[in-house]
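Between the sequences and the hints, there should be enough to build the whole structure, so can you do that?
2 protein chains.
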Amino acid sequence: MTKFISQRNIRFMIKEVFDVKSLTNHDYYSKHNEKMFDMVIDEALKLAVKLMYPVLEEMDRKYPVLENGEVKVHKSVKKIMKEFGKGGWIASAFSEEHGGEQLPIIIRGVASFIFVASNYSAWAFTELSAGAAELITSFGSQELIDTYVPKMLDGKWQGTMALTEPQAGSSLSDITTIAVPDKNSRFKIKGVKIFISAGDHDGVENIIHLMLAKIENAPPGAKGISLFVVPKKRIDDQGKLILNDITTTSVYHKLGYRGTPAVEISMGEKDDCYGWLVGEENRGLIQMFQMMNEARIGVGLASCGIASAAYLAALEYTENRPQGRPVTLKDPLTKQIPIIEHADVKRMLLFQKSIVEGSLSLILQCCMYADLKKVSAGDEKEKYALLLDLLTPVAKAFPSEYGISSTSAAIQCFGGYGYCEDFPVEQYFRDVRIQAIHEGTTGIQGMDLLGRKILLKDGKAGLLFIEEVKKSIRVAREIGELEFFADQLENAMKQLEKVVDFLFNVFGEKGVDTYLSDASLFLEFYSLIVISWQWLIQGTTAKKALSENCSKKDTNFYNGKLFTINYFFRYELVKTYRLATRLMDGDDLTINMKTEYFKD
Amino acid sequence: MTKFISQRNIRFMIKEVFDVKSLTNHDYYSKHNEKMFDMVIDEALKLAVKLMYPVLEEMDRKYPVLENGEVKVHKSVKKIMKEFGKGGWIASAFSEEHGGEQLPIIIRGVASFIFVASNYSAWAFTELSAGAAELITSFGSQELIDTYVPKMLDGKWQGTMALTEPQAGSSLSDITTIAVPDKNSRFKIKGVKIFISAGDHDGVENIIHLMLAKIENAPPGAKGISLFVVPKKRIDDQGKLILNDITTTSVYHKLGYRGTPAVEISMGEKDDCYGWLVGEENRGLIQMFQMMNEARIGVGLASCGIASAAYLAALEYTENRPQGRPVTLKDPLTKQIPIIEHADVKRMLLFQKSIVEGSLSLILQCCMYADLKKVSAGDEKEKYALLLDLLTPVAKAFPSEYGISSTSAAIQCFGGYGYCEDFPVEQYFRDVRIQAIHEGTTGIQGMDLLGRKILLKDGKAGLLFIEEVKKSIRVAREIGELEFFADQLENAMKQLEKVVDFLFNVFGEKGVDTYLSDASLFLEFYSLIVISWQWLIQGTTAKKALSENCSKKDTNFYNGKLFTINYFFRYELVKTYRLATRLMDGDDLTINMKTEYFKD
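These protein sequence lines map, in sequence, to chains A and B. 600 is the number that the working numbering gives the last residue of the first sequence; the numbers go up by one with no jumps. 1600 is the number that the working numbering gives the last residue of the second sequence; the numbers go up by one with no jumps.
A couple of the hints might just be wrong.
Taking CB as the label site, the calculated pair distances span [unchecked claim]:
# : chain 1 : residue 1 : chain 2 : residue 2 : range
1 : B       : Lys1233   : A       : Asp42     : 55 to 61 Å
2 : A       : Val65     : B       : Gly1511   : 36 to 42 Å
3 : B       : Asp1585   : A       : Ser547    : 40 to 46 Å
4 : B       : Ser1551   : A       : Lys223    : 18 to 24 Å
5 : B       : Glu1421   : A       : Asp42     : 35 to 41 Å
6 : A       : Lys35     : B       : Leu1333   : 57 to 63 Å
7 : A       : Val65     : B       : Ser1266   : 36 to 42 Å
If you're looking for bench data, these hints aren't it; they were derived computationally from the structure. Just so you know, these numbers come straight off a predicted model, no measurement behind them. From the three backbone atoms N, C-alpha and C, an ideal C-beta is built for every residue, glycine too.
Quick look at the structure:
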């Protein structure tokens, strides 16, 4: 079987780097133990191997089509939704009160990583349902919860996020879908939504849209947006499911992520579409952001999973493909060597390994913060909440942007074969490209980090992050032989301080537009430091383990970790110099460039 | 009509930057004049608009299939080959003696740029024929020339390059296709070739493979490779075309570049396949490299053309798509602004513009060197030959690698729509991805630059390049207001000197393996300097023009150039710091990393 994740690395992450079993000391997670976590992960892998990976390619080639007003998806979607419902995977992190397993978010994260690496499109259906159901349980009335959540967690009904409209892509304050009060918390809905993932398909009995709309006469902009449940089929007075006047007007044909339909829907063409308010009026955007924050971590995870599958495919290929000889041994009568033995190929593999395992580490770190936030209170709770908030745009953007280069490097390792459909890497390259776009483009993540997150509570989140990094540096220095990395990261942190000071001055002198103009670069700059920090943590763990007695296999594994941190610091972290130079050069060319200068 | 190239920029390049009409002072080009060049370019644009761009999408969607042993391509291929033959486009740069137009290579380059930007797959058929025909005219006997070349230049017969074999991808010395002497210069051929672009199709009457094979008992390795013409149909004693025992065994399904079939062929299954030796025995690889050198410039040009089309599509979209508001004006009741007005979008457009126009400039510079080499003699000739040799791997690799990021940025400008087939950018992203692989991967280009080109004739090529750059810096300083760029480029040149010194020491102390281990990084480092040099030339030209009286339209255009050089130096050239840091850090981790460390 082709490998799409490294089990050894997962074990390393949850047992050696993050002490996940310590979570069971907290009441909320006290019913679990380490053995159960292992079982969950094993089961996830079995499901991925049996059900998801085998249809990876077919779901891409036989993509969804709109026939007679309904979207037909690959037949395996029905089976997957069913199995995910039955196995409790959709509900896994839900509280027992809401029918869930109350599994730590980090364990759920590992399971998701396995699923997504095996088949991103297939996983997306289940994840969208989980997110939508969580929104209802968080803000909806008991009636809404009882009506919708059990069926969604069961895999019978599909949940979606219906935000985007033709005239309002990233600019949600410009949505025009309208909700007119009908009776109780019921509203008549009219409007058009685009790019709704899993927004219609025949793999489930019903589709439940968590939809943003504006109540008639609501205040303009973001402050007048409310959240609704708008089902494809609503329940009539007799308790029967009847159509709710939602028409699927088209299915997009996409570069990748083709197994999951993205659809355009039109609501209320016959004036017979109803939605139910979730939570308070005009609080829709704030509520939706709960789901979107988790969804952003999910996007990072997805990128990371896809890049993992591509990396491991490239690793397998380069180990087995003989081609060429060492530069110093050109004798054509000698045997060709596997291409992994060429330094440039090793470099490309190290790049991929550093991106995949560095990103996974950050994402699991975020999950851990989310778990700790859940089980703690007071200042502790605030600390974890702030760290999670701060790192969310990084966890979304870094894996999705570097995922493009990483899967591209996987193609390069294959040479011409990588460009062909015979191997899955070309699909991974296509699948990963959506990640830098959906749930907020990279540009928007940059604005979130620089414009909101590092300013949050007078910069408290940023300071907490600095403390975390300092702590990791201290621990690394205690181990010895990691000074180089400790020093480099320390220097980068000083550089960060300088850049932030510089930008705050820009803010004061030139205003917020200029301050934010290179937010994308700042995001990359910040991300490289964040990922280096995660690599330092991994390097410290590996070094510690190596100093103890360990098997030959483990020695190889830990040496791999140490070469990869070395790679990341020497080839990637150094990019911060270029970014800092630009961020502080003071020439506001992207502000001053005029549209007409592009014309000819 | 959607724009895929900028006519104004082409005019700028050939009239203002490169004084192309000066070529007509040389005997070889004396029959031409500037007006004729303009006409050629106009005609190329008409053909591209009328014949090629309209089928861009369809050739991708209705890709070639293998039916009953023959490859069926899109019906427009036949028409395009015919028109290209009739219009003299395939033969345009051939000498009059060989039935060509004797057009300067740089004008042919501009025409190719237009074609490739309109439809890369369509252009590839014609370009492959031109390259193959040129090989025959350069090294073949008069009989071979008479038999094959006129039909190939006419568009009736397709030329190919048949190099790659299953067991020998980039390692050509390992090919095993065998040629057994038959009579005269005729040989019996047996073997398998893969990834042959346009290697079989029904858009022409015959396919002429320029094929590498080993003559029975030839020396092992590269020194035993010969070049053959192996036609799909050979001419029998009665002068009739009969099948030559070549079987098309499969057509690859590819990520992009789908309009052109890449096929696997098997020769001599019935022991009835014949080939004719081109030039001398065992000189095949050296001869083939003539075609491959030109083909490498062609790959750069292709990348650049595809990126141009993607950039201009993104420009048009961002000018017309309203979304969001300035950061300082969040009032939802105000009108949304076109997304081009957001600084981050301008940054992405400047990035694309800098890559497209910087790469085009380098490629035309190479074409100019090729022209000057053709018309000069002695030391002059050697100078241009060396500069061309030196810059060829850069002209191949930089546009193809940065073309991936550039087309990816175009997708990003479109947001979700960029990921959909409704717009052409997702196709451009797929089409461009092959360029870093075929005609030698980027890794191989890096080895060529660092391992051969900068060492050529005791480093003479490198010194000539330094002189060229110094000259451009001098001219820039004379204009004034370009000091910043002159200084930056000068600093980068000093950095280059340091890096080269360092690497030469590595060569002496640690050997060639270590010396070459980061050749890909060196290539990027060198390329950034080369492209900055080209931008300095463009900036100087624009600045000079601005100081004279010019129209408002021209003022905008030249200002666009000045903002783009500013962009390139501040955002891209600064990457050299990171690359130099790594290139000189002395830790040979990709040499020392062991294969087993990747395992778990």
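Hints versus structure:
1. B:Lys1233 - A:Asp42: 55 to 61 Å: holds (60 Å)
2. A:Val65 - B:Gly1511: 36 to 42 Å: violated (58 Å)
3. B:Asp1585 - A:Ser547: 40 to 46 Å: Since the Cβ atoms of Asp1585 (chain B) and Ser547 (chain A) sit about 26 Å apart, the hinted range of 40 to 46 Å is violated.
4. B:Ser1551 - A:Lys223: 18 to 24 Å: violated (47 Å)
5. B:Glu1421 - A:Asp42: 35 to 41 Å: At roughly 40 Å between Cβ atoms, Asp42 (chain A) and Glu1421 (chain B) fall inside 35 to 41 Å, so the hint holds.
6. A:Lys35 - B:Leu1333: 57 to 63 Å: Taking Cβ atoms as reference, Lys35 (chain A) and Leu1333 (chain B) lie about 59 Å apart, which means the hint holds.
7. A:Val65 - B:Ser1266: 36 to 42 Å: holds (37 Å)
The structure does not agree with the numbered hints 2, 3, 4 stated previously, though it agrees with the rest.
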